[in-house]
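K.L.:
Join these two chains into a complex; the hints should help.
These protein sequences, in sequence, are chains A and B.
Counting from 1, one number per residue, gives the positions in the first sequence under our numbering.
Counting from 1, one number per residue, gives the positions in the second sequence under our numbering.
None of these hints come from the bench; they were simulated from the model.
There's no promise every hint is true.
Below, a list of computed lysine-lysine pairs in the DSS-like style, where the Cα atoms sit at most 30 Å apart [to be verified]: (1) Lys110/A - Lys476/B; (2) Lys30/B - Lys439/B; (3) Lys132/A - Lys432/B; (4) Lys432/B - Lys45/A.
Now the stretches of chain A that chain B is said to cover, found in silico as 3 or more residues with beta-carbon under 8 Å [what the hints assert, rightly or not]: (5) 23-31; (6) 36-45; (7) 68-82; (8) 88-101; (9) 113-121.
Ideal Cβ positions, reconstructed from N, Cα and C, are used throughout, including at glycine.
Residues per chain, in single letters:
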Amino acid sequence: MSSDGGAKIRVLIAKPGLDGHDRGAKVLARALRDAGMEVIYSGLKRTPEEIADMAIQEDVDVVGLSCLSGAHMTLFPRVVELLREKGAPDITVLGGGIIPDDDAQKLREKGITAVFGPGSLTSSIIELIKEKVNG
Amino acid sequence: MIDALKSWEEETKTKERKEFKTPSDIEIKKLYTPLDLGDFDYLEKSGFPGGRPFTRGVYPTMYRSRLWTMRQYAGFGSAAETNERYRYLLSQGQTGLSVAFDLPTQIGMDSDAELAMGEVGKVGVTIDSIEDMALLFDSIPLAQISTSMTINSPAAVLLAMYIAIGEKNGIEPSQLRGTVQNDILKEYVARGTYIFPPEPSMRLVADLIVYCAEEVPKWNAISISGYHMREAGCTAVQEVAFTLANGIAYCESVVKRMDIDDFARNLSFFFACHNNFLEEIAKFRAARRVWAKIIRDRFHAKKDRSCMLRFHTQTSGVTLTAQQPENNIVRVTLQALAAALGGTQSLHTNSMDEALALPSEKAVRIALRTQQIIGYESGITDTVDPLAGSYYIEWLTDQIEEEAWEYIDKIDEMGGVTKAIERGYIQDEIAKKAYEAQKRIDSGEDAVVGVNRFSAEEELDVSLLRVRDDVEIEQKAKLKDLRERRKSDMVESSLRTLERGCESSENLVPLILDCVKSYATIGEICGAMKEIFGEYKPTILM
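Only chain B is shown next, with the shape it has when bound in the complex (with noise of 0.2 Å):
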């Protein structure tokens, strides 16, 4: 076999275009062979899909029973226009919703806070309280449905509003299923959704997941989320490192508090997919084989159930070009086909217009026709993992994962990821593959189609959806009438209960679900526990 390969890349040697890498600057080879994967053993490597160490898949049959969730990131303006949004989804055949809030809500602020102006409503649904909560989900079967929320500091706060409108329907907490992304050691570094230093932050976390341990069983505490940093520059390699990295933190943080195999299940994960087809699908196998090994090694859990991986993908935001925006349309499929190669849970694909503005309500659709032709019509799904054994799928997968221990071990020495973090170790990794990314591109050396090859003079033709200015001007207002209408008593009783909440050792997500019900408002639970935990002040670094 050697030699026979030998002879072969002899005879066969030609001038290629160019080298090949793949993003994450793995070489790659003209070939792959048995000889690349020495003495693969399939039981320890690969597993049957459903078991340890979860290479193939978390479940033995996965798509074959029920394909993955169709889940559309969507929200703007008021909750009565996103709510509308959401039972469109539904009715087009969409399976789970998924809550964009404006950044003033995710930053803890009401509508009416200095710092929102121009923001309210703007890159998500605007919620000051319970009252727009009901509006949001209003005539949607709670209970029949997942709904996955992209909120991190504010995370208890939002989750019990849900808890509280669940009730308020007849609905038990142990029914309602769900995700709150949580994870706030991502937004110190690439999101910017902070409010709280990290101490502090850190306990809340905790504290939702333990809470939804005991009381919310069926609900993914915290969604930890590599989809932000790549966005934001790292390679696929380090967004598997810096993840997983992060997800130790939290374990971590969680152990001095339960045990592994009682929290490990509702931790789930969050990952971008990119151009790279292939490196995008090992990314994910190998991703699952390190957090089993995470959990098991490291962690001791028994269960193996606590070892599984389980993720929600989304399209990449940043390969989405204004320029020739139907062809995003192309992106966006070759990414979704990889994640579900990869063995996604959920999966959210990018509209073709969202380079330009948020996504129309026709982009939107074909985005979601997308992933339905996937899963119904490309028969990819009839048989678990199928590119396993592929000699460059199995090479590529194993190099990952080597690669991503390195830089596991890394943040290791530097005593965790939140040492890594104060140093400005992460975001300056993220920062310098963000502009040797762009420097590729500015030099032609990476195609960007469209953009610096093949780019035309064009009309653009595309109906982009307007946000009305007037929705902050409403709920200003509605948020007037509110104070005026509430007790404040009760309002100012929870409130300082959750202050002193927050100087003990207590579990505040209780406390704040005492304030949702009194009608408090996001921006006064924040800011009551601001003054006990203080904001956090970022280190400027370019």
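Chain A extracted, bound-state conformation (with noise of 0.2 Å):
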């Protein structure tokens, strides 16, 4: 897929758990929208594993994972694992929220492409995903 020309990047944005938080997501949903982007914005509490369906049934090519209540060590690394086993391992999954530095080591090994914490610019987030899907 491309961007120019090609079909549109899907990008699924989603709140796994029971955080509430939502700012950092939508505020991105719109940000990756008005880049272009084709966004589906998953809503509060969702389990893992309705947000790895939605995925596959959405044809994602990126899931944007938020939590900022503590929960994404439990929560992040499931995702992927749920795509890997519904047959989905090329589904990039990207993670936010207050996530110390050790901890966004330990999900990048388990499979979470990068992590955004406060203070990331949304044009970074924007290219990391461009370069991730069109290679």
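P.N.:
Next up, the structure:
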């Protein structure tokens, strides 16, 4: 897929767990849409299962997970696992939230491509997604 | 005067470094003079502190008699660990408690619920039953301190637990002082810890307000909160308008059951304090004036006391940066100073490491010391509302009031705030403003020191608090043990009585109190109510 003339990049922005802080998720959803991507937002309180199913049904290239409640170590790797189990290992998974550096490192080891904390510029996230999807 | 000003403006025209606007998009002039206040009527606009319209403060002597309550929001892991943190904070001179519950508790789930996986004890303390609550307040003198609880949908359950452990220690409900947040409307737009649909939720809110007015008179039955809407993205002006519009909705639902003068004193408020120092101060002053007018003109309160907008302030979480976290101490200082100059009744100062994790003990101590330095050393508490009479502050207070009324009128035209929420109006305004703010940061128009200006490569040198993962395992074991020990027929019968209560119109708080005393868990109590009320299913808005 390519952004010039090809199909649009499809992204699922998802909120796993019980966390209700959705400012970052919604801001990013709008920014990705303005950057020409097709964006689906999951809404709050989704289980990893629901998110993986949604990603496959919607045929997305990227899943962006947002969690500010500290449950990221339980929830993010579970989404990666489920995507692999369900035969969609190519979907890129990104994470965002209040995530200490040590945890970010462990998350990358578990298949989360990149982790974005507070202060991340939307342009850097857009760039990374384009690079991952378009190669 | 006008001519002199004109010629001064002509003479001093220079190229300025940018356009000047407040974060609420109010244009700011180079200079303010008496001309900007027109025929400013002091008694009508300001009055005296402790009297309508309370612009200058709700109490006549403000901080000359007593400083604001220094109240740090805290809670993590198990009840026993959090109890230890509370005793530490009290030993360091904190004057009130503020309980942070974990998300399963806030959403009325037990620790062993499937959706609770990974969340137990994470953003706050985990409470399943009255036994946990007793551990949480172990050795804390409930008759002497005031306790604020950030709990909304299950507010009645947690207050019932607090009342019950008070009774066990020989303390009457009438002696208890504190607050439950109990503000469901903002949960639908910004915070997300709703359980039931709006209609039964509003009934629960009203039940608790009525119950407190009659039985727990020193308790603030609600803390009508702008904080979370502001953090989610709305402007200072919108924070005032949306919060007070929610306040109107609560009053409308309770005045059907009780005279305004019998419950308005039990209403309290909660605002954020962000970076724009002078706009924040003007915001607090404007909010007091608008609320006094609402309660008197719209609800026809006779007592002045009913018209007082008393509020808690928390410094802003979203303005904290993960980069160069020590800089956050300075941000928090400025925000806390604005809150005090704005006349807050209590204050939480954020810790410098909160963009990275829950605060460490050291970070919390610095945050508390920040308040103490402002309160005891800065001298700003020596006279009431010291910035009153500043041409700019008075002009900006008027401006914020005027623009807040425009939003309130608009919401009224939509049929009230519940309708505005159903239509997604409030949610969309918040998301729009959040995105605009991010674009200004991305483009560099708004500076964030350490992020898009003056950034530096750095080794992070802060030690972070970690919540133990075994809290979840331990809590599940405790719950299993409780379920085996307690008298299950008593639990069952109290829950069935509550269900019947939900079908009738009786006040649910006494029924919830019975459930709590029979050792029913929060998940069981909320589950019983869910049977009758159903669950809220939000429309997904981006």
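K.L.:
Does each hint hold? Answer for all of them.
P.N.:
Hints, one by one, checked against the model:
{"no.": "1", "hint": "Lys110/A - Lys476/B", "verdict": "holds, 27 Å"}
{"no.": "2", "hint": "Lys30/B - Lys439/B", "verdict": "holds, 26 Å"}
{"no.": "3", "hint": "Lys132/A - Lys432/B", "verdict": "holds, 28 Å"}
{"no.": "4", "hint": "Lys432/B - Lys45/A", "verdict": "holds, 22 Å"}
{"no.": "5", "hint": "23-31", "verdict": "holds (count 6)"}
{"no.": "6", "hint": "36-45", "verdict": "holds (count 6)"}
{"no.": "7", "hint": "68-82", "verdict": "holds (count 6)"}
{"no.": "8", "hint": "88-101", "verdict": "holds (count 3)"}
{"no.": "9", "hint": "113-121", "verdict": "holds (count 4)"}
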